[in-house]
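Peer 1: Here is how the chains run, residue by residue.
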Amino acid sequence: MLKVEKLSVSYGSVRALTEVDLEVRGDGTLHGVIGPNGAGKSTLLDAVCGRRRPTTGTVRYRDQDITRRSVAWRRRQGMARSFQRTSVFQDLTVYEQLHLVAQHLGDDRLDDVIAVMDLAGYLDQKAGRIAYGVQRRVDVALALIGRPHLLLMDEPGAGLSAAETLRLFEHLRDLVRERKIAAVVVEHDVDAVFACCGTVTVLDLGRHLATGTPQEIRADHRVVAAYLGTAA
Amino acid sequence: MIALLIANSLALAALLIMLASGLALIYGLRDVINFGHGAIYMLGAYLGYTVALVGGFWLALVVVPVLLAVLGIAFEYLALRPLQSRSHIEVALVTLGLGIILGQIIIFFYGGAARSVDAPQILSGSITVLNLSYPVYRIFLIVMGLGSCALLALWLGFTPSGLYVRAVSQDPSVARMMGINADRLSLLVTSLSAAFAGVAGVLAGPYLSIDPGMDVTMIVNCLIIVVIGGTGSIGGAIVAALLFGLVQVAGSVFLPSIAALVPYILLMVVLLIAPRGIGRGRVLN
Amino acid sequence: MNNRTTTTTAAGARPAAIGSFGGPSLRLPLTLGFVAIVFVAGAVAPSYFAGDFMLRLANEGLLLGMLALSVAFLMNQAGLVALGAASIYGGAGLLFAIAMSEWNMTPTGALCASFLIIVVYATVLGALIVRTNPLAFMMLTLAAGEMISHGVMLEGLRDYTGGADGLVVNFKGSIFGMEAADFASPARFWLVAWVGAWLAGLALWAVGRSRLGAILRAVRENEERMRFSGFDTYLPRLIAYVLVNIVAAIAGLLHVLNAGFVSPESLGLSISTNTLVAALMGGIAGSVGPIVGGLIFSFAQDEFGARGLTQLLTGIVIVVFIVVFPRGVVGGLWSAARLRARVGRRETS
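Residue numbers (our numbering), protein chains in the order written: chain A, 1 to 232; chain B, 1 to 285; chain C, 1 to 349.
Source of the hints: derived by calculation from the structure; they are not laboratory data. A few of these clues could be false.
Claimed, not checked - Listing some non-contacts, in silico: residues in chain C with all C-beta distances to chain B over 12 Å: (1) Y48; (2) W194; (3) V195; (4) G260.
Stated by the list, open to error - Listed next, the in silico SDA-like pairs over lysine to any residue satisfying Cα-Cα at most 20 Å (straight line): (5) A:K3 / A:I66; (6) A:K126 / C:P46; (7) A:K126 / C:E223; (8) A:K126 / C:E224; (9) A:K126 / C:R342; (10) A:K126 / C:E221; (11) A:K6 / A:G28; (12) A:K126 / C:R338; (13) A:K126 / C:R211; (14) A:K126 / C:R220; (15) A:K6 / A:T211.
Where is the CB? At the ideal position from N, CA and C, for every residue including glycine.
With the hints as extra help, turn the sequences into a complete structure.
Peer 2: Take a look at the structure:
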């Protein structure tokens, strides 16, 4: 589904990502991406979804090289992204914004998305007026419209409690399994990631550190060192 | 011939740099375009005329910037601070309205006729350098322009406030967490911007004419420069001002029939080739 | 109540229930009836009750209102402020005058030619500047307006454009059966201007309620998220820009047909700022506000005579209306009515 090869991204003289490889299969499991602060996780998502132009490297999506494609094109091809800092339409009602995107992407099963993200009770309220946790769900819902093939989620648990994050992750895990979507989730809450993700990739200081099952990663001493190292 | 061209462009660019950098600074810091900047410049020119009548050119060069700095402070407290919560477009429109009001007040007091100011004795006449005769006043302008560039570069490059301004201009979301007193800095930038507009206005007196339309002409020039330079990029604004000066002067020499349109052609060409502008600014969405 | 067809434009939306007038099934026909009465009354009555002078002011007001409508629509839907409206308004008129005198076209031919040239210009300019952020857009429209203003005054083009003296329209023939005298007559022109204003208002209102309107408003709100939702955010704004310039061009053509003359002032910055003032005064939401604003401006300008005072008041109005009355006169009345009705409903339930 997604193959990232030797991806490097620089901001001026700062190297945010250095030759990162990533492979995500469309097998219906969550692929978590973790790492200490400054590891380049968000930058990785930015490069994959087209928000940032990589300095070198390629992004292949469904066997096609999409490195130069626009953000809007990628979305129409089924690569959807949700945001770390919630990005919704404050002045539109929840229904209005979901419907607008659904119409554009030709999704006639909006009710499914509404049900999955539990938004039925908020449809007529303006997004700017609902609780933050609900806004997060709208943000994720916008990414789910149009039956995407690849979901890129940037810290979906940001601003939520540990319990809420875990619940969200469980929701995502079930959703992804049901619909056979590929999903890459960048997240700080390591527990939720280990609990719900089938594969975990660890980044550190812009480099790929390790990839494996949660058990393998938990036991990998380099990962432990990376986290402890930054805390020291 | 080329030397004259370059010298004339530098003289014009000197004024433009003083004005455009003030505009770019405010935009970089506050995301606000002061559409009344041309009117402030015009006020500087007219006040300079009056003060020069009474106490001479040099007195005007000292007094007017101070007066305008005070106006800048008033502008910051009475207009920019209260409207901080409003959208950038609304603030820009308010500055437009204020600029119109200021322009009309000036015309009310001074009437619609054009004025001219004489350069002081020391600066009038020409000197001969390398077989070329050149007006002393324009050399003075070039020196003033270079001086203000140098001051600006020093401030931006070597002081904490300058560093902050540079950072915010390039990436507001990141830099605003740096914890410097943003309000005080904004006050400084606004009053400096007005003061420099005042200097430019006084300097413009003996060089260009002082007339009621100068606020519109100058604000349009400044806006073109700021856009070409990449809004928010101060370095870009300086380069753009130099380019603008060159193009304007060359246009009046080589294409006199369309000289007035040349700056706009420059703008359109730049928009076509480099929509982001020259510097690393924030023109595009 | 699950109200899934709401949009955000004010004018033309279902009005709040006034007292206890019938049930929901009666509201739509009542509104339509009311609107029709206003349309017919407005078309016919002024010619009976008002003298030529008043009608002339009203005609100017309607045309300025149409121009204000174009500016208001773009501001309200796309969040873009166009400060060069006069270049389109005056430019269309100038092109018409040139077409009639220099190119010897028939009136209808001249109309079509000037209209087409303006549309091409708006498309090309829009293509260049619509991509920028709203502040840059504002600056660029100001620059473009001044460019046209200066271009018209160029020595080389003086034969074409009449330079500072302006150009008289050499009107020979008729358009849709109307002759020069018909267009110049205040009473007969009122009909034309009234119908024109209504058509423009309805057209833009319809666009506002359409999908394009929804997309524009969403792009205005969060352009990045729209791109991330698969939308092309450039084309809708370009289309909106061309549409409003079409309305502005029509207003400009009507103006030159009525005035029989075009001067460099009609392309100048003060017309652009007057337009902005009219839009702000009337209220930029919906179609009724800007047109009312145009009428208010026209009559107010007559009251405040001397040109210097008009400009000063322009600046003052811009500041006051943005800071204190952002909804303008019509918008303010509309909100007050809605508030009263909501309170009334709460009390009766």
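Peer 1: Each hint needs a verdict: does it hold in this structure or not?
Peer 2: So, going through the hints one by one against the coordinates:
Non-interface status of Y48 (chain C) relative to chain B is upheld: no Cβ of that chain comes within 12 Å, the nearest being about 39 Å off. With a least beta-carbon separation of about 30 Å from chain B, W194 (chain C) lies farther than 12 Å from that chain, consistent with its non-interface assignment. The claim that V195 (chain C) lies off the interface holds: its Cβ sits roughly 32 Å from the closest Cβ of chain B, which is beyond the 12 Å cut-off. At the 12 Å boundary, the C-beta of G260 (chain C) stays outside the reach of chain B, the nearest C-beta of that chain being 28 Å off.
The suggested pairing of K3 (chain A) with I66 (chain A) holds, with an alpha-carbon distance near 10 Å, which does not exceed 20 Å. Between K126 (chain A) and P46 (chain C) the CA atoms are separated by roughly 43 Å; this puts the pair beyond 20 Å, and the hint is violated. Between K126 (chain A) and E223 (chain C), the direct Cα distance comes to roughly 18 Å. Compliance with the 20 Å bound is thereby established for this hinted pair. Only pairs whose Cα atoms come within 20 Å are accepted, and K126 (chain A) paired with E224 (chain C) is accepted, the gap being roughly 19 Å.
About 19 Å separates the Cα atoms of K126 (chain A) and R342 (chain C), which keeps this hinted pair within 20 Å; it holds. Using a Cα cut-off of 20 Å, the hinted pair K126 (chain A) and E221 (chain C) holds, with the two alpha carbons roughly 13 Å apart. Our distance criterion of 20 Å between C-alpha atoms is broken by K6 (chain A) and G28 (chain A), whose separation comes to about 25 Å. With a C-alpha separation of about 19 Å, the suggested pairing of K126 (chain A) with R338 (chain C) holds against the 20 Å cut-off.
A threshold of 20 Å between alpha carbons decides the hint, and for K126 (chain A) with R211 (chain C) the separation of about 19 Å falls inside it, so the pair holds. Restraint check: the Cα-Cα separation between K126 (chain A) and R220 (chain C) comes to about 16 Å, which is no more than 20 Å; the hinted pair holds. The hinted pair formed by K6 (chain A) and T211 (chain A) meets the criterion: a straight-line CA distance of about 15 Å does not exceed 20 Å.
The structure shown violates the earlier hints numbered 6, 11.
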